[in-house]
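Which chain is which? The protein sequence lines are B and U, in order. Residue 380 in our numbering sits at position 380 of the first sequence; the count goes up by one each step and never skips. Residue 70 in our numbering sits at position 70 of the second sequence; the count goes up by one each step and never skips.
Treat the hints as calculated values from the structure; they're not laboratory data. Do not rely on the hints blindly, as some may be mistaken.
Distance windows between CB atoms, simulated [stated by the list, open to error]: (1) 71(B) x 104(U): 25 to 33 Å; (2) 133(B) x 181(U): 27 to 35 Å; (3) 320(B) x 76(U): 15 to 23 Å; (4) 535(U) x 290(B): 46 to 54 Å; (5) 12(B) x 494(U): 37 to 45 Å.
Since the structure is predicted, the reported quantities are computational estimates derived from the model, not experimental observations. Glycine included, each C-beta is placed from N, C-alpha and C at the ideal position.
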Amino acid sequence: MWGRCEGSGSAEYRTAVEPAEADGPAYLCECPSPRVPCKHALGLLLLWAGAGGAVPRGEVPEWAARWRAARRERARGKRTGGAAGSAPRGADPAAARRRAERRAGRIDQGAAELERRLTDLLRGGLAGARRAGYGMWEETAARMVDAQAPGLAARVRELGAIPGSGPEWPGKLLEECALLHLLGRGWLGRERLPPELAAVVRTRVGLTAPPGGPPLRDRWLVLARYDTADPRLTTRRTWLYGTASHRTALLLSYGAAGRAPEPDLPVGLALDAEVSAYDGAGGQRVALGERFAPPVPDPARPPGVTVTRAAARYGEAVRADPWLESVAVTLKAVVPQPAGETWQVADAAEDTALPLTARARDRPGLWRLAAVSGGRPVRVFGECGHRGFTPLAVWPDGPGPVVPLC
Amino acid sequence: MSEATAVEAGGPGSWDDLVAAALLGTDRRPPPGHTADHTAGHPAGHAAGRAAARDAPTALLDAAAVATVRRRAGLAPARAADRPSPAPEDPRPPLPEAAARRLTTLLADRAGLAAGGRRGAAPDLMELLPQWLATANARGYTALSAALPALLDAARARTDLRTAVLAFAGPRALWLARWNPDWRFALRTAGGAGPALTGPSLTGPEAAARLWREGLFAERVALLGSLRAADPAAARDLLVSTWATERAEDRLMFLDSLRTGLGPADEPFLEEALSDRSRTVRATAAELLSTLPGSALAARMGRRALSCVSLDLARDPATITVEAPYACDAGMERDGVAARAPAGRGERSWWLGQVVEAAPLALWSARLGGRTPAEIVALPVTDGWRDDLHAAWCRAAIRRRDAEWAAALLGAPTAPGVGGPGGPGVVSPAERSRLLGTMGAEERAAWVAGFIAGHGLSEAFQLLVVCGVPWAPVLGRSVIDALDIARDAGSYPWSFSGVMGLAERCLDPAEAVRLDALLAPPDEREDASPGAAGYWAEAFRRLVTTLRLRAAMAAELGATTPDPPPTAA
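Construct all of the structure, not just a fragment, from the sequences and the given hints.
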């Protein structure tokens, strides 16, 4: 986007904005203002955002194209430079191995400690745990942080909320304790596990391996994006769908509390980029690699499956990763509808349905979903798991852009 | 979700047994499949077999882990519940893309406003929503379905938006409102909002009759209202069919809906209602009859009024003499005259006021020497009856929407004493705007413009509210000039925030260019309030920004001028 802006006096500034770049918008202006973005660039953005046709489409003028090309060049240089810069850090493999062994030893101790606490808990009964309240879980979680096992710590912290979650808390708490036990046991016996499962265990305990998969270039549709915040950290989940590879991929990013994490990919756009998968994350989580073009609106929709197939897909994924809460699926044609006290998405072609999760029922997105559907089948993207289905995006029956639900 | 597996099928080792053991603790209740003697005192000592080697809590956790993973891996969908019937089709064309984006912005501002804070020069987007809705409704667009929840939430918070929102949101919003208790108001309000909402089921007379017999009160009022608009006689017949059995409050509401399409055919029914058990029903029937030209009641009231008011030509100048009624007889009471005067009001003046109000205005010209209303209003009145007589004429002009009399009673807008004691119009500010309401849009705008030019903005708000939107050029100019004068006088802009807010919503966007000169902060004068100049510049900036925004909104909806929002009655 570019324009000419009459400054004060006789000066005329050439101003250009690249609204969707890998690391946020980029600005160019000839004015002497030290601020970035300067008022001319902001004015251009306002014109663009405000009235429908204030900034017409057109050929990129030569000066703006040159700037853009130079920016691309620099960005590429930075990336390859960054990769080269990281090489010396891994230069001493022996030291790295020693560090890894030390950490594994700490986690061993943490896992053993966790096992002891779990068996003590069950010997005395979960009813007692309820009386002990949050504090006991917080303390155990702090121990897991000391043991450098953030995955275990996060799971333990979540246990603390279950006793207040409703009449079915004992069953839920037992489930989660058992899975935690399974994870601790899995870690302690990791040498005897098949390599894929061992990788899953490592990731779940909190040892994230760098993204090791081969880079996969595709046109990635941004299906959904939502942030979850706790007092320390904001976590952003961005779901992507590869239009050629038909893969659904999750970008996880983090920001300090109260700040929005990067990248800021708006739902409904498509992005020509490379991603590479993390090991031991069920193949869902990826890291964003090089981007070849800024994101542009794209009317493509993922094809979608039936409700039965979506449930089966979760079951299959649990076989590879027993700790998996949900998988991302697109339901081809479902009707959101009330079912007793709750809501469900009912398949248009089968007599089957997935109940909505409690999280989905409390969000305004439920009403947008119902409004867009109007009782007719719609295509819905969301997370399908043992707690039910959480809708994240819906496409209207006719033509029209995707409607975010989260 | 039916996750039933063998583990949950009951018997030893079922999930419920595992939960029970976990809840109580394995010390008290050994887990299923784990015999008590393993746990009692010999936690891990046995070497006989793996199960025995593990202690009871571990065995319990192992079993629970197996059960949990098995259940999750075997996830099966639930059965679909009964399908609701889909929302009715909305045949209106979809919103243009830019307008759809604009609506989303307007609705998003609602959330921001709740946080409070000073607006500065930013336009108040929520205040523009009524206008946006009116324009969209006039152009006949259908709502963006994804925006329906936000629209319903907005209408829930602001009752004045409800009619426009529900008309715009259409049948799908009503379909949606059934599922959310927060939106129940939509189902209550919707009935009368138009044929699209009452649905095809009410087209037949039998269906209407059944709804009339069995419907809720609000549904019945809505039915009567829409039927009256289409077929006045059918609506009256429906009302007559159950009149005797209705409750007094309901009779009053139903009677009120006869205002629409009132005609001579209604007279027999209304005459009968003059003997109703309820006083308020009698009064309403009398009021309706008095506005019916040529009704027997209007004639009776006219005779009574003429006997009270006459012209004394012996005096110079000619003077109106008033002989107020000495008693309120049974006939007057039956015709709706309230016998008991409110405290502090003389009985005779009270009766006179009601008789003159209910008498046809056309009588007076003949009675008072063929004079026009303006000439009649200018006549002197004897014995201090002038205010009573003029006040009654005001009410009569409002009741009959008589523009000529209204203009006469309002007088010249620039006259020094307008509204004050001794001026031609003895009317209250509220009555003044109601008198204005009977006049044509053009005369109304011209009168208010003149009033503002003569009296400034301090009493203008109520008058501006009744003017058509966008304001006529003459009116807009006089408001801008008056604001300019107020600024130069050195007061703060928030003394005029009401008028300023109206101007943002009602000025013709084309006037924005005339405001450019006011945007620059003028030199601070010594006698001005400190900082006022800056606040005025900010207020004018907001005004101009809002006007531009309105022009953009109208253009996005394909309208050349913004359509008027429903004026508050």
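Against the structure, the hints come out as follows:
1. 71(B) x 104(U): 25 to 33 Å: 31 Å, holds
2. 133(B) x 181(U): 27 to 35 Å: About 34 Å separates the Cβ atoms of residue 133(B) and residue 181(U), which means 27 to 35 Å holds.
3. 320(B) x 76(U): 15 to 23 Å: Taking Cβ atoms as reference, residue 320(B) and residue 76(U) lie about 19 Å apart, which means the hint holds.
4. 535(U) x 290(B): 46 to 54 Å: 52 Å, holds
5. 12(B) x 494(U): 37 to 45 Å: 40 Å, holds
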